[in-house]
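Visitor: Now for the letters of each chain:
There are 2 protein chains.
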Amino acid sequence: MDILIIGAAGMIGRKLARALATAGKVSGRPIRRMVLADIVVPEKPDFPGEIDAVAIDLSNPGAAAALVASRPDLIFHLAAVVSGEAEADFDKGYSVNLDGTRALFEAVRREGMQRPYMPRLVFTSSIVVFGEPLPPMISDTQCLTPLTSYGTQKAIGELLLADYSRRGIFDGIGIRLPTISIRPGKPNKAASGFFSSILREPLIGEEAVLPVSDTVRHWFASPRAANGFLLHAAEIDTRSLGQLRTITMPGLSATVGDQIEALRRVAGDAATRLIRREPNATIANIIAGWPQNFDARRAEALGFRAETSFEEIIRVHIEDELESAVSERA
Amino acid sequence: MDILIIGAAGMIGRKLARALATAGKVSGRPIRRMVLADIVVPEKPDFPGEIDAVAIDLSNPGAAAALVASRPDLIFHLAAVVSGEAEADFDKGYSVNLDGTRALFEAVRREGMQRPYMPRLVFTSSIVVFGEPLPPMISDTQCLTPLTSYGTQKAIGELLLADYSRRGIFDGIGIRLPTISIRPGKPNKAASGFFSSILREPLIGEEAVLPVSDTVRHWFASPRAANGFLLHAAEIDTRSLGQLRTITMPGLSATVGDQIEALRRVAGDAATRLIRREPNATIANIIAGWPQNFDARRAEALGFRAETSFEEIIRVHIEDELESAVSERA
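Protein chains in written order, with full-length UniProt numbering: chain A, 1 to 330; chain B, 1 to 330.
Same shape as in the complex, but just chain A (with noise of 0.2 Å):
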């Protein structure tokens, strides 16, 4: 089997490199080749197989045709200009977000016009395809109304998606994230980012800010679980599916004050100490429109599992990077 990660250099695809190079296998079948791709050339995690990392642009004439060329079994298409930046530069964001992913399907097509070729394509799309008005729990049936450029590209590769597939160009199944907690690494500028930091920053003795009240309500996944929900997709019959390609994965519903009291109980009161509590109206605005709880039983009658409460979220941060961190260095 050849596999093609597109925004293999993310947070998401490094991990997801590394447990296909670990697993050796999808579905039962040997991988014979990776090729991961990004803005930035990967990094290449070891495997005894084939492997390639390419410095590519989607959005460039011929670079997609280019990736697909080799014919790969299963693509994974993670590549994207951030919600940020998709809204700051409405150029960037239309010709990465949308004219790269259409440029990507249409190499498959193309790549199937020359002789029969249908890979299995897993395509992440964003709980930000949602807007305003939104119920307090959204089903898989609501309608995409989103409040930015980044959803709208989202929610149009998700139509996309669902199109080719049903013309048989690709065996498509599409993935809506929920926000990952806890990102590893450093404090980013992205609204979202205090749900990460609030409790990363503690778990390594480093005082976080906190922006808007212990009320709010979000919804959750670990960078453990989106990597299981990748491997799923790539795995799983898609015939069930039917017209709705895209899906909500499971998350876990949960308030910032669920988050400080999981935090508690796993490393103290010494650790909550650390968060600073210093409101920001202007992030609260931003928080405000956002999704707060899914029905997720699509996902999870497909078999997609999520965590059930902060502490294992907290407990998988700690497993992941703190842990191997210290063996790593060891």
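Derived from the structure by calculation, the hints contain no laboratory data.
Among the hints, a few may not be true.
To be verified - Residues from chain A that face chain B, not an exhaustive set, calculated with beta carbons under 7 Å:
no.	residue
1	137
2	149
3	152
4	238
5	240
Being a predicted model, the structure only gives us computed values, none of them experimental.
Even for Gly, the Cβ is constructed at its ideal location relative to N, Cα and C.
Position chain B relative to chain A; hints supplied.
Guide: Using the frame of chain A, we list chain B on its own:
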């Protein structure tokens, strides 16, 4: 006021151009100039002001920019490759319905980057943005699950319209038209053609074929109502639309039996006897997935109006097509 109609050679576009030329104003502002564009040169109605008719392919590079260069205050975008053709010719459907629409939207944005410009833009979508699974009554917050490439392209147009409007690039409003009945003209090969022909042909003493059962239910408005929707969309205050920039137009939910009964009341048994039942499983299967009824309260609250009985729809056809044709010949 300067007006641009793209798709002005189609049935709806011709009626719209005539109506605007006759009214001579929109929202009380006199029309100074009209540009009628289509893939073939549209016919020009009598109009005392400036009027141009141009043949242009919106999907050609530079075509949209050329149309928008005169900075029309009001743009109607009605042009589309229709459902059957977009399904048969993948490239043409995406090229005209997606790329053409996006080229128009981008042309407006580029004009606005030179100096302030924000026209009203009226976009025609379709109820085929909705596909299975569908509830018996479909609201404006139903999720878009098109079953055709045409429906996918219209759904993407709706998403782009919302994003460009949210960003203040234009003042967009999308209207999802019901199936138009009675379409004037000759029978065509569209699966929906019989919804018009079983009334239109008997009204002039000709036979028509009915390929489905009398119990088939669907959603209708007359060409006159469709024209009214467009004129109203050009005039209403769009501030109340929020992020839901596209609205399902009101219509009449009726069965084929309702249509035939209305024909009997208007034109007698002699007319209904001209309907020949010739069941066609292919057409019946296509129609089975189509929407049957909509909750159009949102459109009605905004002042959009359609017919409330098929007798009314038949009388509209007689007034607008048969009597006016007689008087035109006289």
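Visitor: Evaluate each hint against the coordinates.
Guide: Comparing the hints with the structure gives:
1. At a threshold of 7 Å, the smallest CB-CB gap from residue 137 of chain A to chain B is about 14 Å, leaving the interface hint violated.
2. Below 7 Å, beta-carbon pairs count as interface contacts, and residue 149 of chain A has one with chain B at about 6 Å; its hint therefore holds.
3. Hint status for residue 152 of chain A relative to chain B: holds, with the closest Cβ pair at about 4 Å, below 7 Å.
4. Because the smallest distance between the Cβ of residue 238 of chain A and any Cβ of chain B comes to about 16 Å, over 7 Å, the interface hint for this residue is violated.
5. Look at residue 240 of chain A: its Cβ only gets to about 13 Å from chain B, farther than 7 Å, so that hint breaks.
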